[in-house]
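Asks: What follows is the residue order along each chain.
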Amino acid sequence: MRAAAILSLFLAACGLVACGADPITAGLEQPIRIRDAQFRTGDLPGLTPLSAEQTQAGVEPTFPAVRSASVSNGLLNPGAVDVSISGRTSTDAYSVGVRIEGEGSGYWVAPVSAPDPVNQGELTWNLSASFAPDLKPGAKKLLIAAFDAQGHAGTQTEADICVLPPFKDNLNACNPKKKPPELVVSLTWDSDADLDLRIVTPTGAVLDAKHPSGAAGKGAPPSGGVLEEDSGRDCSTAGIRREDAVWKEKPASGRYVVYANLFDPCGTRAVPWSATIRASAPGPLPDTFETRQVAQRSGTLLDVQANGGAKIGTFVLEFLVP
Amino acid sequence: MSPFKLSFTLALLAICPCAYAQAQTEEDLELPSVPASTPEPSLPSSATGSGSTAPAATAPATATVPSTATVPSTAAGASTRRGMPAGTAATSHSAPPVLAPSKSIVAPATSTSPASTNTRAGNAGTVPLRIDSESAGNQPTFPLGFHIGGFVQAQYQLNQLSENQIQQGGEPLNQDEFLVRRGRLRVDRGWQWAAGTLELDANTVHGVEVDIRRAFASALYRGQDLQAPHPLVALSVGVLDIPFGFELVQSPTERVFMERSPGSRALFPSEADAGAKLSGSYGFARYALAFVNGEPLVGARAAGDPNRSKDLVGRFGADTRGFTEGFSVSGGVSFGTGKGFHPGQESTKDRIQWIDENQDGVADPTELFGIPGSAAFPSSNFKRWVVGLDAGLELKTPVGVTQLYGELVVASNYDRGLFVADPIVSGVDIREFSAYGAAVQSLGDKGFVGVRVSVYDPNSDFLEERRGTFVPKNIGTKTFSPVVGVLLPEGARFSVQYDLIRDNLARDSRGVPKDAKNDQFTARLEVKL
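Protein chains in written order, with the working numbering: chain Z, 1 to 322; chain E, 1001 to 1529.
Some clues are possibly wrong.
Residues of chain Z placed beyond 10 Å of chain E at every Cβ, according to the derived structure [claimed, not checked]:
| # | residue |
| --- | --- |
| 1 | Val112 |
| 2 | Pro137 |
| 3 | Gly204 |
| 4 | Ala209 |
| 5 | Asp303 |
| 6 | Lys311 |
| 7 | Leu317 |
Below 35 Å or equal to it, Euclidean Cα-Cα: the simulated DSBU-like pairs (lysine-lysine) are [said to hold, decoys possible]:
| # | chain 1 | residue 1 | chain 2 | residue 2 |
| --- | --- | --- | --- | --- |
| 8 | E | Lys1478 | E | Lys1383 |
| 9 | Z | Lys210 | E | Lys1349 |
| 10 | Z | Lys136 | E | Lys1478 |
| 11 | Z | Lys168 | Z | Lys179 |
| 12 | Z | Lys141 | Z | Lys179 |
| 13 | E | Lys1310 | E | Lys1473 |
| 14 | E | Lys1473 | E | Lys1446 |
| 15 | Z | Lys141 | E | Lys1517 |
| 16 | Z | Lys141 | Z | Lys210 |
| 17 | Z | Lys168 | Z | Lys141 |
| 18 | Z | Lys168 | Z | Lys311 |
| 19 | Z | Lys141 | E | Lys1473 |
| 20 | Z | Lys179 | Z | Lys250 |
| 21 | E | Lys1383 | Z | Lys141 |
| 22 | E | Lys1339 | E | Lys1349 |
| 23 | Z | Lys136 | E | Lys1514 |
| 24 | Z | Lys178 | Z | Lys210 |
| 25 | E | Lys1310 | E | Lys1517 |
Calculated directly from the structure, the hints in this document are not laboratory data. Just so it is clear, CB atoms sit at the ideal spot from N, CA and C, and this is done for glycine as well.
If we strip away everything but chain Z, and leave its shape as in the complex, we get (with noise of 0.2 Å):
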């Protein structure tokens, strides 16, 4: 009894003493991730950024205030790394906060830098980012503030990004004028396993890694489509784990036949995989396009099935194209 008593006062205070501390995270959930920065949960202090009539009209954003802020470059492709977010704040700034717009549950915080002599003395700061592979493609806007020495934040900046999809979409993501690619086949998988997409065109050829345009043979007209990429190539953990075939036109009248060929497990015993199609289709605003999902299957592949090609693989699904 004595000793349950000692127990339980001696976990008391040690979780009342675990208080006041701050967490440090990888951040590796967080849509953005800033390197040597610290996370801290919540929304953005400081108020929300000027509009483009405040600012003609005059409005003066409250201090501190960040004076400019450029994104290294603003097409960001899914995963994308060391992407440089620099910029000057006011002198009376200590550190800015960063983070996309709506998306993830908190902001970046890094200190300002060395002062830059051309505008009289303001701080500049300049942040290292990298970007989550799965963050949902379009544009959006990263919230920038600057906080004091009190730790309090003026008005917020804003800088445009674009997020890409993991295939060439003719920037449609960000611009729905653009008219996205008419079809695509996507194959993904979830290790650093070697798989193939292969597509069966109506005219018998293979889209795959070996023949990346779907001609038949030398001299062949091509298919239309192309494969974008062949992931996992000699085991590489390049991280990529993706395939996709993307007709930019409409594809020819036909049976396509979608299989997914395990080439070389590199070692793990199961290769779990999903297949999706996507096509082009109106959008909701006039003279606007969007990409819409029309099918989807997944399955497993198991280590005994890899054949380095030696077949055509498995089969996954096949659509005809009117």
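Given chain Z's structure and the hints, the job is docking chain E onto it.
Replies: Leaving out everything else, chain E in the frame of chain Z:
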């Protein structure tokens, strides 16, 4: 005073850095401190003499020994004085029995019996706490005869750093798990002039690992008293304990805290290293001097010694245990010096690198870079040293045994486990500082409470840039570790510990370093084999 009030008093006392050293406690396993067939002395549960009296000891047939050995029932005089003539020890201490110097004492037939190889089993209930002097400081470092034993420490731990993710390299970020922290199996064989030890450790800390914890051969000179816990001179060669300070050589079964202090673990990632050691004792004086590879053996990561230089590590100290009644003081000075290794780089071939600067997934000509091959970079060595001071006090009180102890360590380029020091990269020597103070109180034969406060600064000169100015940044950690334990029958022990860690690994909204949430809770069950 009730245990409740006492534990609170001790917790307050522990905030002051107290010191304690337990010289020459070189055994992780509690080897029998008496001949194999002799029951282990029991510590009295109170100073009023309520302790038990051990049953009569059965001496080996060929040994010259009193027919019975009475274990003292009071705290006084329970130890054997090392370096004293046998007759003197025999008159002032009735246990363990002192054998006349004779070769015939080696490996009696009874020493291989199960009872003799596990002295804890069966009488554990009479041993209130394993931090007492009988079971710790006077453990024989080279016991006569054949002994086999071991222990298992299995635990469940919770850590605030845990995430359901894996980090780069595949290591899980989750640390909330059950694991076997230590599973040890040890064999000793001791003769008058020689001894050998082999100890293996199995654990699941980084997956299932089995490695050598100890494996050494020793040549001894035991002096007149063959039963003295420590020889006058011992030369050991093999994988052995690094003789530095108190905590590093303290047995995990003797230590009430789950692990060594953070500073000790950073400077000495493992207690073991390969080398040669000269050690021994005379009276209350202790000494140990070792030439070691300087590459502590850490599980499967041990990769031999990359440089020709050997580290010199040693400790000179004293321990009044057995010379004073009701209390003892101990302490020592330790040092280590040697050369660390900065690995070079193998030669490389020309190669092409693609950096997708515009993120379009296409290798544009301006995004292709030729990286010329390079000749091999040579490796280089750097000097490193460490100096430590350890001290401690042990008191026998009405409720049990009180221990106050601590260590103070300064070092240069010696961190090999946490912020691994490499002055070749940094361009300047890296200064480390480590200190801790601990207080432990046994609660009769029921259990114990303890608290340890430790500080470790892996780089006293660390700077970081903020707002264009380089400012000193304290990257040190302070750890407050209260522990509560219950002694169970058959030598088992259940204990829980909370490590409250204060550091500067997180940042507040201003970007200023602040404490990170990385406390740890551990519940451990230990059983001797």
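Asks: Hint by hint, note whether the structure agrees.
Replies: Verification of the supplied hints:
A beta-carbon of chain E is positioned within 10 Å of the beta-carbon of Val112 of chain Z; the least distance is around 6 Å. Once the 10 Å rule is applied to beta carbons, Pro137 of chain Z is consistent with being away from chain E; the minimum gap is 13 Å. The beta carbon of Gly204 of chain Z sits about 30 Å from the closest Cβ of chain E, which is more than 10 Å, so the claim that it is off the interface holds. The Cβ of Ala209 of chain Z lies farther than 10 Å from every Cβ of chain E, with a closest approach of about 17 Å, so its non-interface assignment holds.
Look at Asp303 of chain Z: its CB is around 20 Å from the nearest CB on chain E, clear of 10 Å, so calling it non-interface holds up. With a cut of 10 Å on Cβ distances, Lys311 of chain Z stays outside the contact zone with chain E, its closest approach being about 30 Å. At roughly 27 Å, the least C-beta separation between Leu317 of chain Z and chain E is larger than 10 Å, which holds for a residue marked as non-interface. The straight-line distance between the Cα atoms of Lys1478 of chain E and Lys1383 of chain E is roughly 27 Å, inside the 35 Å bound, and the hint therefore holds.
In summary, the hint linking Lys210 of chain Z to Lys1349 of chain E is supported, as the alpha carbons are separated by about 29 Å, within the 35 Å threshold. The suggested pairing of Lys136 of chain Z with Lys1478 of chain E is violated, with an alpha-carbon distance near 42 Å, which exceeds 35 Å. A threshold of 35 Å between alpha carbons decides the hint, and for Lys168 of chain Z with Lys179 of chain Z the separation of about 11 Å falls inside it, so the pair holds. Taking the CA atoms of Lys141 of chain Z and Lys179 of chain Z, the gap is about 23 Å. The hint holds against a cut of 35 Å.
With a C-alpha separation of about 33 Å, the suggested pairing of Lys1310 of chain E with Lys1473 of chain E holds against the 35 Å cut-off. Taking the CA atoms of Lys1473 of chain E and Lys1446 of chain E, the gap is near 45 Å; set against the 35 Å cutoff, the hint is violated. In summary, the hint linking Lys141 of chain Z to Lys1517 of chain E is supported, as the alpha carbons are separated by about 30 Å, within the 35 Å threshold. Between Lys141 of chain Z and Lys210 of chain Z the alpha-carbon distance is near 40 Å, which puts this suggested pair outside the 35 Å criterion.
The suggested pairing of Lys168 of chain Z with Lys141 of chain Z holds, with an alpha-carbon distance near 21 Å, which does not exceed 35 Å. Between Lys168 of chain Z and Lys311 of chain Z, the direct Cα distance comes to roughly 29 Å. Compliance with the 35 Å bound is thereby established for this hinted pair. Restraint check: the Cα-Cα separation between Lys141 of chain Z and Lys1473 of chain E comes to about 34 Å, which is no more than 35 Å; the hinted pair holds. Only pairs whose Cα atoms come within 35 Å are accepted, and Lys179 of chain Z paired with Lys250 of chain Z is accepted, the gap being roughly 12 Å.
Taken as a hint, the Lys1383 of chain E and Lys141 of chain Z pair is broken in the structure, with Cα atoms around 52 Å apart against an allowance of 35 Å. Using a Cα cut-off of 35 Å, the hinted pair Lys1339 of chain E and Lys1349 of chain E holds, with the two alpha carbons roughly 31 Å apart. Restraint check for Lys136 of chain Z and Lys1514 of chain E: the C-alpha separation of about 34 Å stays at or below 35 Å, so the hint holds. Pair hint Lys178 of chain Z plus Lys210 of chain Z holds up; C-alpha atoms about 31 Å apart against a cutoff of 35 Å.
Between Lys1310 of chain E and Lys1517 of chain E the CA atoms are separated by roughly 39 Å; this puts the pair beyond 35 Å, and the hint is violated.
Going through the hint list in order, the structure does not satisfy hints 1, 10, 14, 16, 21, 25.
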